[in-house]
Structure formats: C-alpha cells, structure tokens
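Which chain is which? The protein sequence lines are C and S, in order. My numbering puts the first residue of the first sequence at 111, with every later residue one more than the last. My numbering puts the first residue of the second sequence at 111, with every later residue one more than the last.
Treat the hints with care, as some may be off.
The list treats identical chains as interchangeable, and a pair is accepted whether it falls inside one copy or across any two copies.
[To be verified] Within a straight-line C-alpha distance of at most 27 angstroms, the following computed DSSO-like cross-link-like pairs (lysine-lysine) qualify:
| id | residue 1 | residue 2 |
| --- | --- | --- |
| 1 | K266 | K326 |
| 2 | K375 | K298 |
| 3 | K326 | K375 |
| 4 | K375 | K266 |
If you are wondering where the hints come from, they were derived from the structure by calculation, not from laboratory data.
Protein chains: 2
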Amino acid sequence: MPRSESPPPHKRARQSSSAEHENGLSLPPLSLSILGVEPLDEFIKEIADWVHYTIVNRPPDLQGKIEVEAKVGLLRDRSSGQRLMLPVLVETIIAPDSIDLRFESNMSLQQHKHFNTRLNELKTASTQPSFPSTPLEYSHLYLLDSFYPTDNPHDKDKIRVTRNEKTGTVLECMRKIRLGDLNIFSPKRAADWRVSVNLEVPVSHPVGTPTHTRKKDRLSYSHEEFSIDLTQVTASTSPGSPPKLLHELEIEIARPALLLATAAKRGDPSVPELERSAFDELIRAFVNNARILVRNASEGWQ
Amino acid sequence: MPRSESPPPHKRARQSSSAEHENGLSLPPLSLSILGVEPLDEFIKEIADWVHYTIVNRPPDLQGKIEVEAKVGLLRDRSSGQRLMLPVLVETIIAPDSIDLRFESNMSLQQHKHFNTRLNELKTASTQPSFPSTPLEYSHLYLLDSFYPTDNPHDKDKIRVTRNEKTGTVLECMRKIRLGDLNIFSPKRAADWRVSVNLEVPVSHPVGTPTHTRKKDRLSYSHEEFSIDLTQVTASTSPGSPPKLLHELEIEIARPALLLATAAKRGDPSVPELERSAFDELIRAFVNNARILVRNASEGWQ
Numbered sequence: 111m112p113r114s115e116s117p118p119p120h121k122r123a124r125q126s127s128s129a130e131h132e133n134g135l136s137l138p139p140l141s142l143s144i145l146g147v148e149p150l151d152e153f154i155k156e157i158a159d160w161v162h163y164t165i166v167n168r169p170p171d172l173q174g175k176i177e178v179e180a181k182v183g184l185l186r187d188r189s190s191g192q193r194l195m196l197p198v199l200v201e202t203i204i205a206p207d208s209i210d211l212r213f214e215s216n217m218s219l220q221q222h223k224h225f226n227t228r229l230n231e232l233k234t235a236s237t238q239p240s241f242p243s244t245p246l247e248y249s250h251l252y253l254l255d256s257f258y259p260t261d262n263p264h265d266k267d268k269i270r271v272t273r274n275e276k277t278g279t280v281l282e283c284m285r286k287i288r289l290g291d292l293n294i295f296s297p298k299r300a301a302d303w304r305v306s307v308n309l310e311v312p313v314s315h316p317v318g319t320p321t322h323t324r325k326k327d328r329l330s331y332s333h334e335e336f337s338i339d340l341t342q343v344t345a346s347t348s349p350g351s352p353p354k355l356l357h358e359l360e361i362e363i364a365r366p367a368l369l370l371a372t373a374a375k376r377g378d379p380s381v382p383e384l385e386r387s388a389f390d391e392l393i394r395a396f397v398n399n400a401r402i403l404v405r406n407a408s409e410g411w412q
Numbered sequence: 111m112p113r114s115e116s117p118p119p120h121k122r123a124r125q126s127s128s129a130e131h132e133n134g135l136s137l138p139p140l141s142l143s144i145l146g147v148e149p150l151d152e153f154i155k156e157i158a159d160w161v162h163y164t165i166v167n168r169p170p171d172l173q174g175k176i177e178v179e180a181k182v183g184l185l186r187d188r189s190s191g192q193r194l195m196l197p198v199l200v201e202t203i204i205a206p207d208s209i210d211l212r213f214e215s216n217m218s219l220q221q222h223k224h225f226n227t228r229l230n231e232l233k234t235a236s237t238q239p240s241f242p243s244t245p246l247e248y249s250h251l252y253l254l255d256s257f258y259p260t261d262n263p264h265d266k267d268k269i270r271v272t273r274n275e276k277t278g279t280v281l282e283c284m285r286k287i288r289l290g291d292l293n294i295f296s297p298k299r300a301a302d303w304r305v306s307v308n309l310e311v312p313v314s315h316p317v318g319t320p321t322h323t324r325k326k327d328r329l330s331y332s333h334e335e336f337s338i339d340l341t342q343v344t345a346s347t348s349p350g351s352p353p354k355l356l357h358e359l360e361i362e363i364a365r366p367a368l369l370l371a372t373a374a375k376r377g378d379p380s381v382p383e384l385e386r387s388a389f390d391e392l393i394r395a396f397v398n399n400a401r402i403l404v405r406n407a408s409e410g411w412q
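Please construct the entire structure, taking both the sequences and the accompanying hints into account.
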C-alpha cells in the first residue's frame, strides 16, 4: 500500500510536438515510481540509524558534546597499505569489523588547493541572489593542539588542549572519546570517507608535558547547520623526528545540542511530523554535503 | 560552482514555537546541500550509463526489439550455491566478471502470493483520486513458450515460440540475444536483483521438435512505461524428468521504440533539456520501481 504521507503527484510538465506524440517517441509525464514517490534512500537511512543508535547508546555517566563528523580520505588495507578494493561499482558502506583497514585522513597539497579554490568560488557564488541556498560564511583559524596522556595508562583517549596559536589563549580543554566509525568506500571517486561519532568531555587543564602537538592552519566554512573545515596540519611527534604535513577535510554538524534534541524526537509519534523527521533531515543534508565533497576530490562541483 | 540548472531553493517550511527557537533546539529550514540541490544518485547514474552503453553498442547488423528488464531473485556463489555475501551494509552494484556467481530468477510460493496480494492492493489503491500516481492496469495471461535450437550449433541463443496456451495462437517467434547483465546485491533485503539488456530478433517459425517448454501463468500489471510480470512457470526439460515450478518477478520497460528514441537524444546539446534528460528519467523510474519491488520481498510497501 502507498505510504500514508505521500506528497502530491510528482510528474514533469512536458511539452512536445504533436508529431512526436503521434510517433509515441516522446516520454509522457512520468511518476517517480508505482507508489508515486521516491523510494527511501537506503544509504542515508543506514547512516541515520547508525548515528542515532550510537548517540542514544552513549556512555550515560559522561557529560560532554556529541561530535558527528565526516572526514574525506582513503581507506587502506592494513597489511598491504593499498587503497581498499571491493568488487562493486558504486559508493557503499563497509560492514563494521569485516575488513582489517585503517582510514587515512589526508590528501595531496594539490587536492587541498583544489578544495580551497572550489569552496571559495562557492562562497562567492552563494552570496548571489540567484543561488539556490544560504550564503556560506568563512573564517581563517590558527590553532595549536597539545595532547596529554590521561591518568589511566590503559586509556587510549587523550586530553587535548586547543590554543589560539597567535595569542596563546586556551580555547578548549577536553578528552575526546571515540564512540564509533562507519567507513564509506567510493570506488568511482578519488577519495573515500568516514563518519565518526565522538564524545568531547571538558576536563581541567592537565599538568606535565604534551606527548605531541598539531599546528592547524584551518579554513573554516560554515553553511546552515554544518562546518566544513579544510585544514593544513603540521604534526610534531617526537623531538628528534621532523614535523609531518597533513591536509584534512571534514564536515561536522555544528550544534551538538540541536543534534541531541532532534535525535530524542526521532520517530516519536507524540510530536508533530516536522519534529519527528528533523533528525533524518539533518543527517540527509550532512550525507549530501559529504558526498558532494568526496565527488569533488578531483573535479568541479557535481 | 553550482550547477547551471539548479532548481529554486528546496527548504522545508517550518513552524515552531518561539521558545524552541530561543533554545536553538528546533531545526530551521535546511537546504538539501551546500549547493542547494540533491547530489546526483550515483547508483541510478551507473545503471543508466551501463544500459545506454549496452544499447548504443548493440550489434549493428541485427534488427530487433531492445528489452530492458530487472528480475528479482538471488545472487548465488557458483561453487557453494550459497547466497552472495559481501562485507557491505547497503545495496550495491557488483563489478561485472569480478565474482563467479549466478542469478536465480525464482522466489518461494509464499513470496509470490505476497507480491500478488500487494500488487492487487496497489492496483485498487491506485484507482482512488488521492493516489499520487497513475492507476495500474492488470491482465492475466496464459502462455506457452517452446524453445528450439538455432541453426548454428555453437550459438548459445535459442529460438523461442510463444503461444496463447488456451487458443494455441502463435504470439511471438524470436531469437533472444543477451547483450549484458548487471547484478545488484541487496544485503538488507530478502532478494537481490539483476538488470538485463536483450535483443529480441523476430525469426520465422522453426521446424523440428522443441528442446524444452515453459508454461507461464502470468499476472501482468502495467504502470505508465513499465510492465510488472509476476509469473508462475512450469518448466519441462526432458521427457523423463518431472516439471519444475518457478516463481518469477520482473519489471520491463514497455516500449522499446521509446527507449531507443530517448537513448539517442541522451545528453544531446542540440535538443531541449526535457528530451535530453528523458532517458535518465525513464531509467530513474525503472530503478525506483525495481527497488520498491525488492524491498517488498518480505514486507509491506516501503
């Protein structure tokens, strides 16, 4: 049976010559499907279900900010170091723990420049009245992250202190707890991507010496509920070794409180439909944006 | 840069209380993406590209009808006979010739009944004024296919003679030439599917004895440019062995001439946009319908 909340018929208005109609060679207005609607996007729903599950089942004893982000990079086979290969033709979600792989959040300097150019063009275009969406905002941040071990030596999480690199002001001091990752393989594109859910718990400033630092030269674009960060990272690991240069691109849901509020009402029959579906709408735009970024890892916007 | 033919802004009209807005916990109208549009569906485009390539590169010396169909069934590993398993969470297209598999165009009697019930319900619902699409039509066909070898003993293609089983009238006499298959793995569903492109070349009635026959009790639903055939097949192979009962479900593009006309104009800059995009629109509805059928292999319409 058709879904109860089907929108009105979606058919294209078509104009064609009577000769074409007589030949029967012109496509008449076509419904989206036998149900009159687009079928649900299985890919977006899977990501929404997973993010929702991960948020709802977060450790109840820890208070902090939920971070949902997508990073652009490469999935690599852990033993060979080669980019993941699977016998499929289109973007798909890898089953967790099924393949021994790692995600490399990095790109070439050329790709970084390419994204910078494209995002700047988009920012300019987005201020035109004809642009079909909201203008992008932009800021340039210079940050210094210092990492400290936690009190528990078995704990893989680290404490991160973020400073304004120019002024030295401490902006954030927190422990980042990884709640889960979902890897997306994109065989048609120059890059793969990973969705991560983290919990950022505020802590007091640690004492002692940082184990390593990351200097971040960040171009931060914001659009509606999302931040898109294009970052050049200079990572120093140990005093002896030379610093490592990385180029990262990530998109993040900007307001954790909004994310939690929409997650709490997801599918709740006691709230109006708009509130019930807000979480899925937020994730849909998040996935759309991540897809657009990945598809432009080597081309113009598409 | 945004696409030149972007539609106007897609944002939801939202109403919410001022208290919610003050808390910042209500989702404001959201664009579909930073570009203001949905990104292209990579899956549908891949199928459209493949069907188009297969049609355009068909054998130029053979005149016949192009058949594009999607069958619902199971992808099976050829050696183990088990259903294909891949470490992915969502529907994806298998790279051709990458895995040694076969497609089984069959389902259980229960699934067949389930589809029959659902399609009948949909047919009834589709006649209501509130239904968001065109009414479905329905016919019940009793057919008998007889298969004959071709003159060339190295030729895998067979000649098929189709008769009205009740009257014995010959309806069709043709050689079906397989141009290509694309297999779709659907890990979340009870069934996989396969898109096939065939060329049906009319031939004169063969002489001699058929190698085997297929009796088809077919419920044929039609909707706009598509036929959906739910068929109970009684296949007889050799005189000694008992007949085999199969249950098939397939969706087919109903008008080969229209398909070819739209394929010829695909992406042609000299024709109006509506004609240029008609092929992709036809394939989009075809894929949407196939997805809806596969997703309902064990559930209600979704």
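Hints versus structure:
no.	hint	verdict
1	K266 x K326	within (22 angstroms within a copy, 63 angstroms between copies)
2	K375 x K298	between (36 angstroms within a copy, 25 angstroms between copies)
3	K326 x K375	neither (36 angstroms within a copy, 50 angstroms between copies)
4	K375 x K266	neither (33 angstroms within a copy, 58 angstroms between copies)
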